[in-house]
Structures are given as structure tokens and as C-alpha cells.
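K.L.:
Below are the chains, spelled out letter by letter.
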Amino acid sequence: MDLVLNAMVSIAFDGLSFAILLFVISVGLSVTMGLMGFVNLAHGAFAMVGGYVTVALMTHAGMPFLAAVALAALGVAALSVVFERLLYARFYGEDELKQVLLTIGLVFMAVAGVTFVWGPNPQIIQTPDYLTGQIDFGFRKFPTYRVFLIVVGGAIAAALFFGFDRTRIGAQIRAAVDNRQMAESVGINVGRLFTMTFALGSGLAAAGGALGSEILGIQPTFALDYLVFFLIVVAVGGLGSVRGAFVAALLLGVINNAGNYLYPEASGFFIYVVVIAVLLWRPAGLYGKA
Amino acid sequence: MSLGSLAAAPILTDHRVRPLEAAPWLIAIAVYFVLPAQLGLATQILIMILFALSLDLIVGYAGIISLGHAAFFGAGAYTVGLLSKYGWTEPLTGLLAAAAIAGLIGFGSGWVLLRTRGLTLLMLTIAVAIMLHELANDLDTITGGFDGLPIETDPILGLFRFSALSYDNQYFYALAVLFLVFVLVRSTVYSPFGRSLVGIKESTTRMHAIGSPVHLRLVQVYSMSAAIAGVAGGLFAQANAYLTTQVLSFGLSGDVLIMVILGGAGQLYGAFLGATAFLLLERQTELVLGTEFPYWQLAVGTALVLTVLSGQNGLLGLAITLYRRLRGRTS
Amino acid sequence: MSQSSAPPPVLEVRGLCKNFGALQVTRNVSFELKAGARHALIGPNGAGKTSLVNLISGRLQPTAGTVLVNGTDVTRMPEHERVKCGIARTFQINTLFMNLPVIDNLCLPIAERLGVANKRLRPASAHEGVIAEAERLLSTLKLDLDALRKPVRELPYGQQRLVEFAIALGVAPKVLLLDEPTAGVPSEESHLILDVIESLPGDIAVLIIEHNMDVVFRFAQEITVLVGGAVLAVGKPGEIAANADVRTAYLGEAAHE
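Protein chains in written order, with my numbering: chain A, 1 to 290; chain B, 1 to 331; chain C, 1 to 257.
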């Protein structure tokens with residue numbers, strides 16, 4: 001293949017797999033923030049715990065990879081419901097500052113917690129054999145695991161798009177994001193909807209954290225390192241929009257990778273210039289409600 | 001009780017100085033005599049108090065949440081650092097330059113950013129700070145990057161030389177600067193301008209409807225806050241004679257916000273308590289428990305969660321509540 | 001109608017339109033108020049009355065049309081500048097500085113009006129002119145002077161509504177827009193509101209949105225009926241009451257209240 005084209009394909013491919021991960025992790029945050037207006041900076045911690053629990057299930061319970069991811073996601077989803085009901089629910093509609101600080105405090109506690117149990121070093125997930133190596137697509141070879149990520153992530157995205165746009169629950173969520181009081185007055189139980197959405201979002205984040213271990217790593221600093229990226233996806237995409245989260249994740253993933261290839265010294269800088277430009281042009285995000 | 005309600009001290013409340021307000025300054029002077037070996041740490045605390053004070057102005061009074069205030073601290077620090085690198089080492093003008101540059105960046109970014117609010121504003125404050133951090137790292141031939149930038153400072157007024165071995169002069173220098181800036185902040189808070197900020201925080205809608213140029217006021221206080229953070233950064237550079245790009249880090253922005261909240265927002269002296277408690281606790285935790293396990297992070301996280309759950313406005317808010325309850329019982 | 005040598009009306013609205021996408025909230029509304037006018041704006045729920053007030057006060061920018069205050073075109077001005085030109089309003093739901101004392105709620109608008117709100121050196125409590133004016137205003141509204149230092153959230157709703165009025169009067173308006181002044185006020189306290197409306201200075205032009213027909217017929221010299229964002233009828237109270245279209249569109253609803 002032509003060298004430049006080859007490089008572009010690499011960038012696009014790596015960017016896409018990174019973007020899919022960002023999407024799967026962040027979409028829950030976007031929808032829950034759009035639904036309840038709750039600034040949950042601890043969302044990254046759910047992703048991180050998902051990774052750690054998967055590691056534990058695989059090493060101590062001998063579970064196969066995919067089963068461990070699924071179980072970890074379910075476990076984190078259940079745990080998140082406990083947090084939501086006992087702690088978060090008290091602060092809906094309150095001072096944003098309180099929410100920011102409460103959730104930052106929780107992240108710190110989570111980081112300390114995983115360090116106590118697993119130590120400060122990154123955890124490695126043993127990718128199953130059938131997911132290692134490369135797949136030959138004829139014109140090029142691609143790493144199998146990343147193809148796997150794109151396929152799985154794409155399937156999740158498709159399911160979410162469908163669910164959001166075509167099902168009754170999706171319509172209820174969109175209605176509640178748009179105007180909570182109106183939604184409640186037509187009989188939608190927004191509180192219960194929120195708990196369900198929160199659980200789903202946290203479960204997805206956990207799955208993303210586990211699946212993304214090769215790219216993002218599983219270490220105590222995960223929760224804070226990537227927090228800004230998740231927030232960027234949410235803010236740039238627009239609160240409460242699955243489509244917005246997807247587009248924003250794509251943008252972020254591709255720009256990040258393009259930057260790393262082309263201008264490694266300045267890539268970080270460039271991302272934030274774009275973020276600032278987009279947010280000033282569209283303060284509510286690309287697909288947010290103005 | 002919202003975190004904001006204690007900022008709502010009535011206009012007709014005594015603006016006159018209460019005797020208790022002398023306490024922090026007396027304690028600061030006492031530290032010099034009682035704990036001479038700790039002056040290095042004490043100087044860092046004074047600098048962080050100034051930094052936290054600048055953030056409290058916008059968080060506790062105007063209601064602007066920022067996770068990017070290190071941008072201004074770092075801007076001030078690098079102003080001093082680069083001036084020193086290229087030959088200008090006079091400390092007082094260095095601080096003025098730091099305030100001016102940081103204030104200018106605050107004005108420019110504030111003008112644009114403060115048209116937004118909520119998550120968008122929060123994200124933008126984060127983005128601006130990280131952008132500056134990246135910039136400083138990218139230009140590491142100028143800034144020294146991760147390795148750092150050594151800084152020289154002339155003796156203050158030609159008389160008081162800084163020494164790396166004894167922090168005596170740095171301490172009093174920082175204390176004097178803190179005092180002067182604090183007087184300015186205090187009078188601003190009690191002034192009509194300061195009260196209008198409280199009004200903006202209580203009900204922006206109402207402020208628009210009474211003819212208040214809200215955006216302009218917010219930009220003004222944001223610029224002032226940036227300038228003060230810049231002074232704190234400049235002090236940091238001068239007192240420590242060394243800088244790394246850590247002064248622009250997201251972590252520092254988070255730390256200073258935590259200091260403001262732990263101490264109590266919108267109460268002027270919250271910054272004093274918060275910065276002191278934070279730094280002392282950090283030092284003590286590392287000394288006693290070691291850095292092997294993240295005890296410090298656990299402690300801060302727990303403290304934050306407890307602070308928010310308690311509904312008290314930080315340590316100072318808690319102290320005031322207890323004091324009122326005690327008085328209620330005896331009267 | 002006004003003659004060429006007469007002063008311009010205090011408030012003039014010409015062809016005001018507001019669209020949210022395909023939704024037309026305000027359709028080609030025009031009217032004028034002279035000094036001392038007592039004008040009521042009535043209409044069914046969703047007719048766009050509050051939107052019209054928001055367009056006049058500057059909270060909303062119109063899609064088309066102009067707003068003039070004493071002949072000055074204020075259409076492009078943001079809300080706070082229109083206040084300087086003489087527009088003040090109250091909100092349907094009390095919009096006060098809840099945690100601040102009553103007196104502070106008044107000092108803020110008065111300080112803005114007197115141009116001292118951005119002063120940074122002297123403390124606010126030293127601005128005696130502002131405080132004296134605040135006390136004076138509160139006493140004319142018959143607010144308990146003991147209550148001055150209480151946080152406004154501790155006052156009963158009716159008293160809070162009086163503070164809402166006082167704030168609007170604190171900017172010394174030429175045009176006063178009252179959005180449902182009696183809304184939410186328990187009936188025992190509503191006479192307080194009515195007394196205030198009655199005693200409003202004679203040179204201020206007042207526009208009242210109201211559903212309470214007793215209030216409307218007691219105070220209004222002229223009534224505009226708004227339905228679906230457009231003006232259905234304008235006239236004196238007697239004419240409006242007799243107008244069959246108005247009855248169908250609106251007073252029929254009122255009979256159910």
C-alpha cells in the first residue's frame with residue numbers, strides 16, 4: 001500500500017478503536033448527566049473497577065475473558081445502583097459544586113481502594129488466544145484485538161442507537177432529558193428511569209474499562225487520567241445524546257491518534273484547542289439542547 | 001443549607017474588623033518564633049493560602065466553579081521564571097508582572113468563557129489550563145519542561161536575600177504579600193461590587209432584571225482572581241528558586257479547589273484553614289504512614305465526602321455552627 | 001391618538017414576533033403605553049403573555065419587530081441595559097435573593113440605579129444613601145421594618161411578593177411589567193398586593209398580566225387580549241367584557257376558575 005495512505009489507514013483504525021472505547025465508557029455519563037443534571041466525576045472509577053474486577057475473576061476464579069467482562073459489568077452495574085440510591089440521589093438538583101466535590105472524593109477513595117488491594121502497578125489481562133495476532137483483510141493486516149473492539153463496540157453503539165431512537169424506553173429517556181417536569185406530568189417515572197440508565201451506563205463503563213485494558217491500561221491512575229477525556233466526550237457531544245457521544249468520541253479518538261502520529265510534541269495542545277473552539281461555537285455541545 | 005448561603009453575609013453586617021481576625025496573622029508571626037525549622041513548609045502554606053483565596057473569590061462569592069485555576073498560578077510562576085531566565089530578577093516588579101500577565105490571561109479567557117455556564121464552563125476552564133500545561137511542556141527548551149527551571153531572585157529592597165538553607169526572608173516576604181492582598185480582597189468582598197457578586201450567585205436572573213451587567217462583573221472578578229493566583233505563582237517561583245510544569249497541572253487545580261471547600265467557601269478565612277489543613281495533613285500522612293500506600297488520597301477523599309454529606313461549609317463552617325450551638329446553649 | 005407635538009409613548013411595541021423554530025410564540029404584536037397607563041394583558045394559558053413580557057424586558061430577543069422606550073429603540077439592547085432605560089419587571093414566581101436579608105434585596109437594585117454597584121473600596125454598609133433609600137421604599141410598601149434583617153426566605157410568601165415589587169420599584173422604572181402579581185399569594189394576603197398596585201406612582205406606565213378578573217377590572221384602564229401569541233382585541237374594560245370573541249376565547253375559561 002502507498003505509504004501515506006497506509007499511515008492514514010493506521011491512524012483511522014487506531015483512532016476508531018480508541019474512539020469506540022471512549023464511546024462505550026462515556027455514553028452512560030452523557031445520558032445520566034442529561035437526565036438528572038448530576039455531575040458524576042466518579043464515572044471513570046466505575047470503568048476502572050470494571051477492569052480490576054475482570055482481572056480478579058480471571059486470575060482467581062479462572063473465568064474466561066468474555067464471561068469475566070460480562071460478569072464484571074453486571075457487578076459494577078449493581079454496585080452503582082447502591083451508590084446512586086444511597087448517596088447520589090440526595091444531591092439531585094443541588095449545588096453543582098457539591099456534586100463535583102462528592103464525586104471527586106469518591107474517586108480518590110476508589111483509587112486508594114484499588115491501590116490497597118492490587119498495588120500501584122498496572123494489571124495485565126491475558127487476552128485469549130483467539131483474539132491475539134492479526135487478521136489479514138487482503139489489502140492490509142490489522143491487529144485482531146482492535147478489530148474485535150471495533151466490532152463489539154460498534155454492536156453496542158448500534159444497539160444503543162436503536163434502543164434510544166426506536167424503543168418506548170428510549171423515547172421516555174429522550175423526553176425526560178428534554179423536559180423532566182413535562183415527562184413526569186405525563187406519567188414517566190423519571191427516578192426509576194434514571195436508576196436504570198445509571199446502572200446501564202455504569203455497566204457499559206465497566207465493560208469498556210475491561211475491554212480497553214490493552215489500550216487504556218488498568219491502573220489506579222486510570223480514574224483520573226482519563227476523566228478529562230470522558231468529560232470532553234460528554235461536553236462536546238452534548239448532554240443526554242447518544243449520537244453526540246458517538247460523534248464526539250470519534251472526533252476525539254481520531255484527532256488524538258492523528259496528533260500522536262503527526263505531531264507527537266504538540267498533540268495534546270491541539271486537542272484542547274479543538275475542544276475550546278467547539279464549546280465556544282456550540283456551548284451545549286454538538287447535539288445538546290441549547 | 002447550600003454551600004452558598006454563608007457567603008450571603010448581610011450587607012449591614014459589620015464590615016469593621018473583628019478582634020478574632022487578628023488571629024491568623026498573630027499565629028503566622030508566632031510560627032516564626034515557635035517553629036523555626038518548619039519555615040519552608042510554612043512558606044508553602046502561605047503561598048497556597050493566597051492561591052486558595054484567589055479561587056474562593058470566584059467559587060465562594062461569584063459561584064464560578066473552576067478546575068483550571070492552576071493556569072493562572074502557573075502563568076504567574078512562569079512570568080517570574082522567564083523574567084529571571086532572561087535577566088530580570090527584581091522581586092517586587094516580578095510579582096507585579098506576574099499579576100499583570102495572569103490577570104490579562106484571566107481577562108481574555110474570562111471574557112470568552114463566562115458566556116457559558118455549568119458543565120460547559122467547567123470543561124472550558126479545564127481545557128484552557130491543560131492547554132497551557134501542554135504548551136509549557138512542548139516549549140520545554142524555554143520553560144525547562146519536566147526537568148525544571150532554576151530561578152534567581154534579587155534581595156528584596158536590596159536588603160533581604162533569599163537563601164535555600166533558611167526560609168526566614170521568604171516567609172516574611174510571603175506573609176507581607178499575603179497580608180496586602182488579603183486587605184484588598186476583604187475590602188472587595190464587603191464592597192458593593194462584592195455584594196453584587198453574591199447577588200449573581202444567588203439569582204443571576206434577578207441581577208439581569210435589576211440592570212446589573214452580570215457578564216462584565218464576572219469578568220472583572222475572574223480577572224482579579226487570576227491576577228491574585230498569578231501573584232501566588234510568582235511567590236512560589238521566587239521563594240523556591242525553582243519551577244517545573246507541575247505549577248500548571250490539573251492535579252494542582254484540583255488540589256486548590258479541595259482546599260477551598262475543606263476550609264469553607266465564601267467565608268474569607270476558609271482559604272486559610274483549608275490550605276493549612278491540606279498541606280499539614282499531606283505532610284503528616286507521608287511522614288507517619290509513608291508513601292507506600294495512598295493513605296493521603298484516602299484521607300482527602302473521605303474528608304471531601306464527609307464535608308459534602310455533613311452539609312457544613314467546610315471546617316470554618318463547622319466551627320461557626322458549633323460556636324453558634326454553644327452560644328445558643330449558654331444564652 | 002398622539003399628535004406630532006406630543007411626547008412619544010413611554011413604551012411602544014411594534015410588530016413584535018418571536019419564533020422558536022416552527023413554533024410562533026408571539027405574532028405581530030403592537031401596542032403602546034403612555035405615562036401613567038394601567039394596562040392589563042389577559043389571555044388563556046399558553047397565549048404567550050409571559051413571552052411577550054420577556055420580549056419587552058429583554059430576556060428574549062425577538063425574531064422581528066421593535067421595542068421603544070420613550071422613543072429610544074431598545075430592541076438590540078440586552079436586558080440589563082433596558083433596565084437603565086426604564087423597564088422593570090416582576091416575575092410570576094418570586095425571584096429574590098433568598099438567602100439575603102430583605103434590606104439587601106433592596107440595596108442591590110438601588111445601588112445599580114445610583115451607579116455605585118461596582119465600587120470596590122468603601123464597604124457597602126457605608127453607602128448610607130443606598131440604605132436609606134432601601135428603608136424608605138420598604139416602608140412605603142408597608143413592610144415590617146423589624147423584618148429588614150431577616151433572610152427573605154423566612155418571610156411568608158405574600159410578604160416576599162411585596163419584596164419582589166419593591167425590587168422592581170427600586171430601579172425607578174418608567175415602565176413596570178407585572179407578571180401575575182397575585183399568583184401564589186394566599187387570599188388573606190392578596191389585599192396587600194392590591195394596595196401596592198393601587199398606590200403605584202402615577203407617572204409609571206404599568207402592564208399587568210393577570211388571570212384574576214377582579215384585579216383586572218379593578219385596575220385596568222385598557223385591556224389587551226392575547227390568544228395564540230396574537231392580539232385578539234384591545235379596548236376599555238367594558239368593551240372587552242362585551243366582546244363575544246373574547247368571551248369564547250378566554251372568559252369562558254375563567255368561568256371554570
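Just so you know, not all the hints are guaranteed correct.
One-sided and incomplete, this derived list gives chain C residues near chain B with beta-carbon spacing under 7 Å [said to hold, decoys possible]:
hint	residue
1	Asn28
2	Lys119
3	Ala124
It is worth saying that the hints were derived from the structure and are not from the lab.
Glycine included, every Cβ here is placed at the ideal spot set by N, Cα and C.
K.L.:
Could you run down the list of hints and mark each one as holding or not?
P.N.:
Hints and how they fare:
no. : hint   : in the structure
1   : Asn28  : violated (26 Å)
2   : Lys119 : holds (5 Å)
3   : Ala124 : holds (5 Å)
The structure fails to meet hint 1 from the earlier list, while all remaining hints are met.
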